[in-house]
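Colleague: Chain residues, written in single-letter form:
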Amino acid sequence: MTARVMVIDDSMLVRRQVSAALKTPGYLVTEAVDGVDALEKLAGLSDTKLIVCDVNMPRMNGIELLEKLSAQGSAVPVVMLTTEGQPELIQRARSLGAKGWIVKPFKPEFLVATAAKLAPLGA
Amino acid sequence: MRVILLNERRAERDAMVRALPQDTYRVEAVGDETAALAAIAREAPQVVVFSVPSKGGQDLARRLRGGENAAEAYLLAVVEATPVNKELSNLITAGVHDFMRRPFADGELLERVKAPERLLRWSRSVSKPNAFDFSAALDVSTLRSWRTLGQLVAEDLGEMAGAPFAVSQGYPAQLNGEAPCASIPMSLAGDQLELRLSIVADPAAAKWIRETLLGDPAAPETAVRDALRELANTAGGALKRAALNESITLTTGIPRDDSSTRFPGKHQCWSLKLEGGAGCLAVVGEVRTRSNERISAAQLSEGMVLAHDIRSEGGVLIVPAGSRLTATSANRLAAMLGPRYFLEVAPAA
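One line per chain: the protein sequences are V and W, in this order.
Going by our numbering, the first sequence opens with residue 1, and the numbers climb by one from there.
Going by our numbering, the second sequence opens with residue 124, and the numbers climb by one from there.
Isolated chain V (complex conformation):
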């Protein structure tokens, strides 16, 4: 059994790299270009088991998206994938419910291991 992951990043390169890494073990991937796009797509994808999200994005950034998801009572785990490393920002994301923080450039195997922990295939 597979699981759907939403990848949110304004960079096509990152979306492509993350998608390739997650599709290899068998995840279904949906891409979104920013927080606004992600919210629209999530509304129609109730089978999403994991969100991998950038922080700095136009229109609605990753922290703002976390606030929205938290307000909606979303139970989908979120992992931030970003170049940011400020402790205050990490703490803010954590307090809003983020389950992980991966700093770019990322290792695909680490991302897949994180996904397997939060959204196991076959569960």
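Derived from the structure by calculation, the hints contain no laboratory data.
The hints are all genuine.
With a straight-line Cα cutoff of 25 Å, these simulated SDA-like cross-link-like pairs (lysine to any residue) come out:
#1 K99(V) with S452(W)
#2 K68(V) with Q422(W)
#3 K107(V) with A286(W)
#4 K389(W) with V263(W)
#5 K99(V) with R185(W)
One side only, chain V facing chain W, incomplete, derived with CB under 7 Å:
#6 S11
#7 M12
#8 N56
#9 E64
#10 T83
#11 S95
The C-beta atom is built at its ideal place from N, Cα and C for all residues, glycine as well.
Knowing the structure of chain V, use the given hints to seat chain W on it.
Modeller: For chain W alone, kept in the frame of chain V given last:
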């Protein structure tokens, strides 16, 4: 600083709240352990002040700091005038940092709560080999992270590319003409400096981006420019994290396409060469002083950088200085503050 105050005695609890200035401390006062644990889970506190019950004080301290959110919090215990045998040592064993004996004056609570701030400054002073003068404008050339920008960026881009880069100072000679370029705007929180970090690719590097990063030799120009923007974003992240180690907080904007021929500010360049003549990237870092503008909150828009903290009427920090606004945050602040509220911002780059 967020403070959780747990005290079953209402009158004493209210007096303690009044003793902590609202513009410095965000105090959440609660009367029982369940409410305290809920408050901790909701948002991590920096300080937890709690009244020690007649029995089970040690266990209460362990439970208060048991969750992830309070693992790093400073615990201040309020005890009776004559604590029973071993009570204090048991509390310390359970992770309590300091305690106050009843009765105490309001001023004592404030001084005790200031202690973690002093500890933090002390810890920073002994862990950082350098000293910085914050009374004057920052000279970025004094920062190690700025001086070694080329190496920093090469390390992160090399990890992304899966191959090392040879780094040398100076702008690559073969890049004198037009070449695809992306840059990322950066700001120093609380200061007037604007940095711009640019990545320029020569034709061989553009080919390498298509073949290696994108995995498509026929990838269109738009895909190459998108990849360059992400390289600029990664470079900005490398500088940002290194600057943080020198106690300098930079904020970044959204990477964008740029012109490789214009670097009007004070700048420095590095050349990053791929192995086997597979191309060359230029890394250009620029610094310039920005001028803030005073505008109505209704005029806030994406990309602007706040020059000062935005606080609620109660003194609670809503958005810190140096924050770069997204469309969502600009709209939210504009609606919250209203058109008659004026503030200083650096214009969008």
